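**Student:** For reference, the chains in residue letters:
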Amino acid sequence: MGNNPKRLTRRDFIRGTVGATLAVSVLGVPWAKGSAEAGRPSIVTVVRDKNVMDAGFKVDSELLKNMLDQTVLRLTGKDKIQEAWAQLIKPDDIVGLVPTPHLNPTHPELVDVVKMSLLETVGVAEKNIIMAQGGKRKPGRCTALICMPALKGHWLTGIGTVVKNYIMYSGRPSRYHAEKSAKLGEIWLIPEVKGKTRLVLVDALHPLCDKGPQPDPRYKWAYNGLLAGTDPVAVETVCLRILTQKRHALRGEPWPISPPPICVEAADKAYGLGTSEMEKIKIVHSGWDEDLLLG
Amino acid sequence: MTGLSSKTASSLAAIVIILSLWEGISAEMNVKTVDLPKTIGVWTRSDSARIIDASNIFDYMNGAGELYLAYGFDRLEVYKYTASDQQEGILVEVYVMKTSNDAFGLLSMDWGGEPVAIHPLPSAQTNPTVALPTRALYGGGLLRLWADAIYARVMAYRETPESRNAVLALGQKIAADRNSPPEPEILNILSQTMDSGWRLRKDRIGYFRSHLVLNSLYYLSHQNILNLDHSTEAVTAAYENISVAGTAKSVQVLFVRYATPEKALKALNDFHNAYLQDQQKGLDPGVTQKYTNFVKIEDGWLGYNLNGTDLGIVFECPNRESAQIIINHISRNAVSKEKDHGK
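Chains Y and U, in that order, give the protein sequences.
Here the numbering used here is used: position 16 in the first sequence is 16, and no number is missing along the way.
Here the numbering used here is used: position 23 in the second sequence is 23, and no number is missing along the way.
Please keep in mind that the hints were generated in silico from the structure rather than gathered at the bench.
Careful: at least some of the hints might be erroneous.
As the list claims (entries may be wrong) - Result set (DSBU-like, lysine-lysine): computed pairs, CA atoms no more than 35 Å apart in a straight line:
1. K263/U <-> K6/Y
2. K80/U <-> K138/Y
3. K50/Y <-> K80/U
4. K266/U <-> K6/Y
If you're wondering where the values come from, they're calculated on a predicted model, not measured in any experiment.
Please build the complete structure, drawing on both the sequences and the hints.
**Tutor:** Here it is in structure tokens:
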């Protein structure tokens, strides 16, 4: 490489050489590891309710609780909500909730209904439910994490939802800018975090498809949905599909996410956190199906 | 080192304290950029603005501060209007930029929205422009405006007819009594139309100084392969040709003006090594200040022209001829504008 190091460019995306370029320039780990188990697609649930927000975007917590129940039932394939939650969280777990704290934050109503479910349905003690966004000491105390970002595009990384949601655990978020955003997946592998994420629950009630993280109401819309899964990369991949299709619909012409969100594929191919390939993802949808944006 | 007498030291200390106090008072006096009304409609603002500078912008907007630092950013003044009734609040963010061009650049990142008149001086709306002739855009409760060296975002958390009126009135207040400098001169390299039917997309013109902003407008590389920094200014724009087989074909123009010819040459060399590394390795050592080249890559023909401090590049052209036409246009415009400027 010498004085002419390999740079990731537009041409890599056209040629399909993103992984090879990133592997030699930034990641320091081999590409194409992948993590999806053969023959077992990752399940991502999309549960929507047309009435969960009113015209002023106020959230109906009762309907939201129903959506959460549907999410957990469909994700686990169980018939009873207690059994469904039991597959994800144990009563003696110390559960860290990791919402997006500001700039298009996770709705507090969602945090509340998740807490309520943990308390009343799972039987987790209140003292063992921790708001765990922030430094890495917080997940260090937890035995289970629920990753709860809000769905939004991000002007620096393309998307700022699931994979980026643990960035504060790195202690140095500025280390994950530009090309190095490809390394965001490594934060999921630090000892305080690794293997603890039992549920990825994306607040897609009122997403933002451009100019994030600063709010811009022109690019926010009432999707009225919750997306969930246990594979963070699969959930993020479905999030990307929704954002991309919304952008195309808004402009009436192709409007790709820019810069391309390299952290998602890297989370799959370099860090083995899940699958970024749509054909390996099974989307389970229920509820309102207008403008689903998953065609 | 001889010590100061206690009397002299006391006097000096007193002077230092007075100067510090005066500096503090001056800073306080100078820091307020806009004179916003205490109440507007049903909304009342906090007594003082929250002042954000480069040192604490990430505390205010983690993940978004880089956008403003990518331009010449001085400070941000934040006002919050609240209402006692059912109405939600209004957020006023006044970004004080180092130049009018920097403020224009922020507006140019997105030409979407409804153009609104916020400036009392008619010249602001009537002078011919290369970009869209608007200095303020409204949509969904958010007003974005450019007024001299100020870029402002005024956002109602919930859009209602009342909040729209208040937001627009606040925008007018911010723009009041401010100059209306023309758009950045570098935009003049962009012809409205070019031979063979190429037409400028006015709603796709972006002015910037950083590769981070370029990547948001037109992705080129996650790394700074054109060596952009605050000493450079650049514009990118799309041109569309609807006469090719009845469907719209778009190409992307990028034009960068560097501080020195040496910087421009180095940037072209670095671009060549990063983006065209399968072509000849680096530039011909004989290249000094003028060079034009056309190459075919995966997404079409790419052409570039180096001329002194100026580097023009066009991407995604359907053929070599169109790349030549566009590069020639840009180069001619750049030279003629420089001559005009020199008169």
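**Student:** Are there hints from earlier that the structure breaks, and if so, what are their numbers?
**Tutor:** Hints that this structure does not satisfy do not exist here, as all of them hold.
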